[in-house]
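Those protein sequence lines, which keep their order, are chains H and P. Each residue of the first sequence is one higher than the last, beginning at 1 in UniProt numbering. Each residue of the second sequence is one higher than the last, beginning at 1 in UniProt numbering.
In short, the hints are calculated from the structure, not lab data. Some clues are possibly wrong.
[Said to hold, decoys possible] Derived coverage of chain P by chain H (criterion: at least 3 residues anywhere in the stretch with Cβ under 8 Å from a Cβ of chain H; other residues may be distant):
id	region
1	3-11
2	14-20
3	26-40
4	142-148
[Said to hold, decoys possible] Cβ pair distances, simulated, as ranges:
id	chain 1	residue 1	chain 2	residue 2	range
5	H	ASP44	P	VAL33	41 to 51 Å
6	H	PHE126	P	THR138	52 to 62 Å
7	P	VAL33	H	THR138	21 to 31 Å
On a predicted model such as this, the values are computed, not experimentally measured, just so you know. Cβ coordinates follow ideal geometry from the N, Cα and C atoms, glycine included.
Protein chains: 2
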Amino acid sequence: MGQEIERKFLVKVDFKSKATQHFHISQGFLSTVPERTVRVRLKDETGFITVKGIGNASGTTRFEWEKEISKEEAIQLLAICEPTIIEKNRYIIPTNNNLFFEVDEFLGDNKGLLIAEIELPKENTFFEKPNWLGDEVTGQSKYYNSALSKKPYSKW
Amino acid sequence: MGQEIERKFLVKVDFKSKATQHFHISQGFLSTVPERTVRVRLKDETGFITVKGIGNASGTTRFEWEKEISKEEAIQLLAICEPTIIEKNRYIIPTNNNLFFEVDEFLGDNKGLLIAEIELPKENTFFEKPNWLGDEVTGQSKYYNSALSKKPYSKW
């Protein structure tokens with residue numbers, strides 16, 4: 001329960017050698033209405049249901065609530081989500097100040113798209129920008145996973 | 001997790017003397033799309049988040065998944081639900097075969113509406129119809145709570 005402060009970037013060059021862990025994510029949406037998105041995620045063997053509110057003007061801060069659920073619950077909820085389910089590999093890359101980037105390598109209809117996100121304790125928290133980081137796309141709604149599930153990268 | 005088999009009726013005459021318990025419910029919807037409604041409920045001091053799928057042709061059977069959450073979580077989630085929040089008192093009235101009716105006395109914009117529901121283990125399970133039970137409205141979408149939150153009884 002709380003707020004999520006997040007900045008989002010495209011990714012330029014190979015980053016995988018920097019990753020300390022990675023896992024597979026399947027995710028779908030029970031609702032993609034921006035004021036109250038409801039996401040179902042299966043992260044390897046663990047499920048989650050997540051509710052996010054609308055972002056502030058800059059797109060960095062959103063209300064977020066998340067609950068862990070079982071793999072079986074996640075699979076049954078994914079089955080009634082809006083088409084289509086997003087499949088991606090997520091790589092964790094530590095950076096300064098105990099922060100880390102999450103880099104998503106999208107699969108399926110979004111293959112070719114790479115997005116890095118960093119979650120910040122405060123909006124003005126300093127973080128180093130590694131050389132593999134591309135243009136910032138924070139707040140651009142076409143990069144929201146909820147948008148990618150409806151209009152995937154292959155159809156841009 | 002599972003399926004919900006439910007029949008729904010209007011209520012004719014005073015039923016409160018038959019109730020063995022009652023409580024207050026505040027509920028809102030994160031999504032009212034029939035294929036995947038997402039409900040947030042505060043039942044006295046306990047919260048719930050519930051996902052329901054679309055009904056079958058007769059309207060009696062729907063996929064249902066529910067998780068208990070804290071009162072504080074429910075209050076924060078209700079704050080971002082679609083307008084408007086439904087307020088009602090629910091009365092529990094036992095009947096034959098260890099079944100029971102839940103009778104909702106709606107408040108606020110739905111004041112005057114009384115709906116009785118009975119959840120059945122099988123679609124063809126026998127149950128007695130008490131004399132306070134009115135016409136059956138199973139499957140009539142205007143009586144769904146998700147519909148009442150958007151077009152309340154006072155605006156019919």
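A quick look at each hint next to the structure:
1. 3-11: Contact hint for the region 3-11 of chain P vs chain H: violated, 0 residues under 8 Å.
2. 14-20: violated (count 0)
3. 26-40: Coverage by chain H holds here, the residue count being 6 at a Cβ distance below 8 Å.
4. 142-148: violated (count 0)
5. H:ASP44 x P:VAL33: 41 to 51 Å: violated (29 Å)
6. H:PHE126 x P:THR138: 52 to 62 Å: holds (60 Å)
7. P:VAL33 x H:THR138: 21 to 31 Å: holds (28 Å)
Checked against the numbered hints given earlier, the structure breaks hints 1, 2, 4 and 5 and satisfies all the rest.
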